[in-house]
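Chains as they are written, first to last, in my numbering: chain A, 1 to 226; chain B, 227 to 452.
Worth flagging that the hints you see were computed from the coordinates, not collected in a lab. Quick caveat, the model's predicted, so the values are computed rather than measured. C-beta atoms are modelled at their ideal positions from N, C-alpha and C, and glycine is treated no differently. There could be a bad hint or two in this list.
[To be verified] Across the chosen pairs, the derived CB separations fall in these ranges:
#: 1; chain 1: B; residue 1: D264; chain 2: A; residue 2: L94; range: 20 to 30 Å
#: 2; chain 1: B; residue 1: E415; chain 2: A; residue 2: S48; range: 35 to 45 Å
#: 3; chain 1: B; residue 1: G353; chain 2: A; residue 2: E143; range: 31 to 41 Å
#: 4; chain 1: A; residue 1: P84; chain 2: B; residue 2: G255; range: 25 to 35 Å
#: 5; chain 1: A; residue 1: R196; chain 2: B; residue 2: P445; range: 39 to 49 Å
Protein chains: 2
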Amino acid sequence: MSNDSDFKLYGFWRTSSTYRVRVALRLKGLTAAEQIVDLEKGEQLSNSFLAINPLGAVPALVLKGQAPLTQSLAILEFLDEKVPEPPLLPTDLLGRARVRSIASMLACDVHPLVTPRMRKYLTSTGGFDPSLWRAWQIHWFTEGLSAVETRLTSDPETGRFCHGDDPTLADVCLASIVEIMHAFDIKTEATPTIDRIMDNCRTVDAFVLADPFRQSGAPVKSDSAE
Amino acid sequence: MSNDSDFKLYGFWRTSSTYRVRVALRLKGLTAAEQIVDLEKGEQLSNSFLAINPLGAVPALVLKGQAPLTQSLAILEFLDEKVPEPPLLPTDLLGRARVRSIASMLACDVHPLVTPRMRKYLTSTGGFDPSLWRAWQIHWFTEGLSAVETRLTSDPETGRFCHGDDPTLADVCLASIVEIMHAFDIKTEATPTIDRIMDNCRTVDAFVLADPFRQSGAPVKSDSAE
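All chains should be built: construct the whole structure from the sequences, respecting the hints.
Here it is, written out as structure tokens:
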């Protein structure tokens, strides 16, 4: 499974959920050939992509001869079960529940609200002008990260990373939100614990190499988007 | 752990995520004392509830002497690991990924868009009038269930339930969306495969007894809400 040709990852440079899969693959020592599905151009709804994934959703991780794996949290759990080392979940049940809960706070409670389909609906049917859309993005990023910050700061299980001293699914999801927030040039209120954990993530190759701005199809990073 | 006093479930009659936990507890033969947190009255932000869960979110499943478990998907995985029988995930890795993916399509891609916090933002800051809010609800329920219907109809793994012939996490999440959609009196386009699976769910006590309208605090069900 360490051979490139075993996996193909359909994704988009800026997509938070594609980022998660990219990080998890590298944490597990796996590689995948990445195929761009340009969400700006609506390629996720093209006939050629719908033949791969009839749901028209990225990321889709394709293993030769298998139906595509979809939904980032399901893919992360799959990779963790397929390649157990290094583990992305702790061994104790309460620890596992805590990591999955933090992951959900980010991947379920924040990310679905700031997706292209959301922007499309709100700026057309919803009548949002650009400033209302931006206020919406800032609101949900801020609310979500504040809740995670409160939790990480108060829980004794928080270590160098969200849970102890090694990266878990929670860090993968946290970084996936923080990095796209930066891609949108959005800043929230101070989140010192998250910032500290993100500094630690940025010492790990798997996170560094998954940076949206390093991906094929990404624009050149401007100073204002740092 | 089968003793009532070992668990306390903080939830609200109509909340999709509370429903999921309610069903899973019963599928596992567990019971929990349920404590109403009235989201209509904002009780999730009351000092007394914030002392239980500083994040102000339901459901929260409390085990004596432990920090509350939060986020329904994390709680479902916890219950499945704590009490392995009957299993809520298949044993094969691809099957587990499929079940988790369907669960995410519902719990992450639909539910977060139709929550009270969403209504609050859209009808205040977002300027949505009641008809725009209702169109929003119908749109996301319809889009989400159509995608799940397409998948269930085309996948050979679909059986009496979403994956094979026994309920899994996918059915728990599917029913949680269908039942609150009914509570909101919303109908989507035809979804014959989902309807057939829901008919099978409604033969299982754990699903029947979790019906939002059977919960403490629920209004009397009117004919129009059937």
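We went through each hint and held it up to the structure:
Here the CB-CB span from D264 of chain B to L94 of chain A is close to 28 Å, well matched to the stated 20 to 30 Å. The hint said 35 to 45 Å for the Cβ distance between E415 of chain B and S48 of chain A, and at roughly 26 Å that hint is violated. The hint said 31 to 41 Å for the Cβ distance between G353 of chain B and E143 of chain A, and at roughly 19 Å that hint is violated. In this structure the supplied range 25 to 35 Å holds for P84 of chain A paired with G255 of chain B, their Cβ-Cβ distance being about 30 Å.
The hint said 39 to 49 Å for the Cβ distance between R196 of chain A and P445 of chain B, and at roughly 47 Å that hint holds.
Comparing the model with each numbered hint stated earlier shows that hints 2 and 3 do not hold.
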